[in-house]
Amino acid sequence: MQMKLPRIKQVHNPELLSGNRIRIGSIHYGVGSEICDDEEGTIWQLLQLIDGTRSIDKIIEDLQKVRPELDRQSIHQAINTIISAGFAEDDGSAPPDELTPVELERYSRSANYFGWIDTQPRSSRYEIQSRLKTTRVTILGLGGIGSTIAMSLAAVGVGSIHCVDFDKIEMSNLNRQLLYTEDDIGLSKVEQAVERLRRINPYIEITGEELEVKSSYAVASLMKKCDLFILCADKPADLIDSWTNEAALSTGTPWLSSHYAGPMSVVGIYVPYQTPCYQCVKQDEKQRRHQIDGGEGKTLLMKPGVNAVIAPTANLAGHLAALEAIYFLADLEPQTLGRIFHQNLIRYDHCYYIQPSFWAECPACRISKVHHQ
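Quick note, our numbering runs 6 ahead of the 1-based positions in the sequence shown.
Derived by calculation from the structure, the hints in this document are not laboratory data. Model, not experiment: these values are computed from the prediction. All clues given are correct.
Distance ranges between label pairs, derived from CB positions:
1. P269 / S24: 41 to 51 Å
2. S129 / E188: 46 to 56 Å
3. Q280 / Q70: 41 to 51 Å
Straight-line Cα separation of at most 16 Å, EDC-like style, residue types lysine to aspartate or glutamate; simulated pairs:
4. K220 / D240
5. K174 / E197
6. K231 / E211
7. K139 / E109
8. K139 / D337
9. K288 / D244
10. K15 / D57
11. K10 / D96
12. K174 / D189
13. K139 / E104
14. K139 / E111
15. K10 / D57
16. K220 / D244
All residues carry an ideal CB built from backbone N, CA and C; glycine is no exception.
Build the full structure now, drawing on both the sequences and the hints.
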């Protein structure tokens with residue numbers, strides 16, 4: 007990428023370490039890098055010149071003044087390497103036309119964050135924000151996780167959020183569903199959520215729909231106008247996941263599933279025909295259980311599951327899911343693409359992925375793929 011006035015990102019501020027080493031991009035795993043062979047200090051001098059006030063030609067010219075033995079091609083290659091690694095941004099580029107001056111100010115901290123974690127060269131530091139403004143999300147279920155995801159995506163500037171639920175607000179919701187208050191008891195979750203979300207961010211589109219989903223066809227109709235479908239409904243148990251899976255395979259819509267089991271937060275992203283589908287995951291789980299107990303495991307009390315949750319656990323699960331949704335929509339390497347992440351909120355060091363395989367005999371994605379092709 008050709009930049010007019012390249013500048014090392016402020017969030018990637020280089021550090022000169024002992025032993026002729028340079029750290030750039032912070033100490034964070036997945037972002038930072040260390041240059042270990044700058045014995046003559048050439049790279050450090052180059053980094054100082056990439057300050058947003060010089061064109062690439064001027065940077066080369068100024069470096070050759072102090073290091074005349076360096077040829078133009080080598081310097082240009084070094085600059086391109088720094089830019090390609092995502093450590094620089096262009097001070098000479100105009101912000102995207104899609105964002106107003108108010109939005110540029112509103113999302114300035116978001117631009118800093120995206121610049122920090124993004125390792126791809128961009129035409130503007132607001133490119134990711136501009137991209138998010140064009141994306142469309144549908145959220146099914148506005149409970150503890152769904153309402154949190156909706157608030158998070160609204161605040162970050164996802165362009166269109168469609169909220170779907172059929173429940174009324176109850177007193178027992180209020181220990182975790184922070185979008186609602188006691189004044190809302192008995193009122194529609196959708197109506198209250200839409201009104202509050204529009205106040206959180208008036209620069210995006212927020213819509214709502216009162217609907218109790220009873221089939222895969224109903225889910226498919228909700229998927230037609232979104233880039234990512236987010237499933238936060240948990241009833242009817244298991245059926246809602248199967249319906250969503252079937253609908254996604256028929257429409258080709260990526261979907262994210264998020265839930266909690268007591269203190270365990272769970273999130274995963276499914277992309278039709280690119281990742282194993284929900285039925286593949288169920289088969290994988292069945293095989294794992296068979297290896298553990300031979301398929302003979304039983305539950306002592308055959309009763310409906312207990313909803314054990316408090317505000318921090320529900321909201322952590324929701325914000326984690328929202329973060330993955332943002333990473334997916336912005337093409338920022340989501341970590342749960344085709345795998346299911348679990349985070350234990352009792353022991354923080356206990357977290358793991360389930361990485362399912364495609365089930366060769368899957369009655370959902372194997373057959374659907376034939377018709378899809």
